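So the protein sequences, as listed, match chains A and B. Letter by letter, the first sequence follows residues 1 to 213 of this note's numbering. Letter by letter, the second sequence follows residues 1 to 468 of this note's numbering.
Hints in this document: simulated from the structure, not taken from any laboratory.
Residues from chain A that face chain B, not an exhaustive set, calculated with beta carbons under 10 Å:
no.: 1; residue: 15
no.: 2; residue: 90
no.: 3; residue: 91
no.: 4; residue: 93
no.: 5; residue: 94
no.: 6; residue: 96
no.: 7; residue: 173
no.: 8; residue: 175
no.: 9; residue: 177
no.: 10; residue: 189
no.: 11; residue: 200
no.: 12; residue: 208
no.: 13; residue: 210
Distance condition first, Cα-Cα at most 30 Å in a straight line; then the derived DSSO-like pairs of lysine-lysine:
no.: 14; chain 1: B; residue 1: 398; chain 2: B; residue 2: 286
no.: 15; chain 1: B; residue 1: 267; chain 2: B; residue 2: 163
no.: 16; chain 1: B; residue 1: 286; chain 2: B; residue 2: 312
no.: 17; chain 1: A; residue 1: 196; chain 2: B; residue 2: 163
no.: 18; chain 1: A; residue 1: 156; chain 2: A; residue 2: 177
no.: 19; chain 1: A; residue 1: 177; chain 2: B; residue 2: 165
no.: 20; chain 1: A; residue 1: 156; chain 2: B; residue 2: 163
no.: 21; chain 1: B; residue 1: 46; chain 2: A; residue 2: 34
no.: 22; chain 1: B; residue 1: 267; chain 2: B; residue 2: 162
no.: 23; chain 1: B; residue 1: 165; chain 2: A; residue 2: 196
no.: 24; chain 1: A; residue 1: 156; chain 2: B; residue 2: 165
no.: 25; chain 1: B; residue 1: 51; chain 2: A; residue 2: 177
no.: 26; chain 1: B; residue 1: 165; chain 2: B; residue 2: 267
Chain A residues, not near chain B, derived (Cβ > 12 Å throughout):
no.: 27; residue: 3
no.: 28; residue: 63
no.: 29; residue: 72
no.: 30; residue: 74
no.: 31; residue: 76
no.: 32; residue: 78
no.: 33; residue: 103
no.: 34; residue: 137
no.: 35; residue: 143
no.: 36; residue: 147
no.: 37; residue: 153
no.: 38; residue: 163
no.: 39; residue: 165
no.: 40; residue: 170
What you are looking at is a predicted structure, and each value in this text was computed from that prediction instead of being measured. Beta carbons are placed, not taken as given, at the ideal position from N, Cα and C, and that holds for glycine.
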Amino acid sequence: MERFTVLTGLVAPLDRANVDTDQIIPKQFLKSIKRTGFGPNLFDAWRYLDEGRPDKPDTDRPLNSDFVLNQPRYRGASILLARENFGCGSSREHAPWALAEYGFRALVAPSYADIFFNNCCKNGLLPVALAEGEVDRLFHEVAAFPGFRLTIDLEKQTVATPDGGEVGRFDIDPFRKYALLNGLDDIGLTLRHADKIRAFEERRRSEQPWLFG
Amino acid sequence: MIARTLYDRLWESHTVHVEEDGTTLLYIDRHLVHEVTSPQAFEGMKLARRKPWRIAANLAVADHNVPTNDRSRGIADPVSRLQVDTLDANCAEYGIVEFRMNDPRQGIVHVIGPEQGATLPGMTVVCGDSHTSTHGAFACLAFGIGTSEVEHVLSTQCLLAKKMKNMLVRLEGPLARGVTAKDAALAVIGRIGIAGGTGCTIEYAGGTVRALTMEGRMTLCNMSIEAGARAGLMAVDEVTIAYLKGRPFAPRGELWDRAVAHWRTLKSDPGAKFDHEVTIDARSIKPQVTWGTSPEMVVTVDERVPDPDREKDAIRRESMERALTYMGLRPNTPMTNIRIDKVFIGSCTNSRIEDLRAAAAIVRGRRLASNVRLAMVVPGSGLVKAQAEHEGLDRIFKDAGFEWREPGCSMCLGMNADRLDPGERCASTSNRNFEGRQGTGGRTHLVSPEMAAAAAIAGHFVDVRQWR
Ligand code: SF4
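Model the full assembly from the supplied sequences, consistent with the hints where possible.
Following this line, the structure appears as structure tokens:
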């Protein structure tokens, strides 16, 4: 996994509550057996005027100029500002894959759905939760100031404007933070406990043998 | 000893190791695998030169991409076919049990797990699919995971997780005639909202739950994720045990007796503390119909499409307006005036034998309304299909003009060829009415099997309580 330490980047606003993972990456793109190739189809149904298909190139498709990410001022954004319960619905990890491939490295929203939050962390995409009021203020700032950027510091757990004005602080589990800061792979971390897993499994097998039939 | 909830007990009995901050290594008893969320996990495992930790813990099935009409010609879409072939190849390589497309036991992953007895009380059950919450009806800790976690479970038989909060949803009183577990699920979501259970495991309790069959209980647990909860669960009782007896993966003989003795203990202790409690008078629940693009956008069938002008919160009002535009609906329209184009009876929420029986009872001796272009019944598994045919339900549906299909996810999400065309309106027994869920531009109204069947006959929503 890619490490996450400090990120300073352009902020793009997506002003909708309860954005579900079906919107982030529609089902027809889940047929891929690869981990890559999802960036061009991020928010596909909102971003293009025609219907996207996995076997059709995206380069010539008509863009929906009303969709916020198609506005030139948000080109190159690496922070997505969103509303509550972002990423609800399906467990598809293709959603964070698509967000990351598009260029986002962090999300800022009041809250996230649980599975999506986990999936982001496994992909070095940092989901930052700030209070609703702080997020609301950020939406106003982003609209008011073209080129609005934020700095997210994982070590300090802060969100700030690049001139150092603190916007808010966020929580993150120490274990997750450690894995993200160091770009560690969870499976490798878990396998350090392989003996414990084996011992647990043996005990379980003797106590509830029907689970191992 | 302090009183513990069922969730506390399941959590503690699967804890292998705890980090300082409470991050827990949780042992996983059962891993269900399907074709959409597993290929990248198998690939990752191979690239890291690892192998599945315990092969017998895995059970695989292809369900999302499979065609529901004639399967003798295979899968026409090459992209879908490759995904299914990849699952077949991965399972063959490691010796993982898989029900392939033409196996009579094939079906939707959340239907076949319980049907086979592969889901047993006291287990942790995971799958790369959010509706894994279904299996909680068997007093399992069952939840959906992402593909990285699928690889983690394959490689280590464990998951890293933080304990959730305990939420109790108590349903008391009998459900009225024509009101089902699906209506109860939608009513719960309408009450607590689609993020109401975020960060929680929901335990469903109360007389209403005890009176439900296992099918109904699965429907209720299935939709926990639509209330934001990763897992929903219920205590074991005699209904649970009777359902499991004789299932192929369930224990037999002396082991069965030992297992049952253990299973009977799987319930919350009296006086156990929950972080949140909600009590719902089930007698007041009426048939539900969603009107918008999120499952919490739901009303009862005798109500009208809500009016955003009456919503004070600006963000909510805007979501409502957007939803109404997408759904092509005008505020204050009576729900029973909404005409439909298609009907879908299926999905892991409502495709079990009871659901099909209930829908068939409404349809018997009648014909589809002329404005209904397509009504399809997609059984949850090959075994459900065979049972329904044995009971003659297929004839009832076909005589009425319904299509009787092969099992799979089908138009619940339209990864195969079954989907809505832009603007089409569907009465669906599935679980998600998100924009484009059943096909780009398609409009989904979530209802119970009875309500879907009645809408198919009438051509618009009707109150099944008045159905004769
Ligand atoms: S039936 Fe629908 S919700 Fe259930 S597993 Fe299949 S696609 Fe997912």
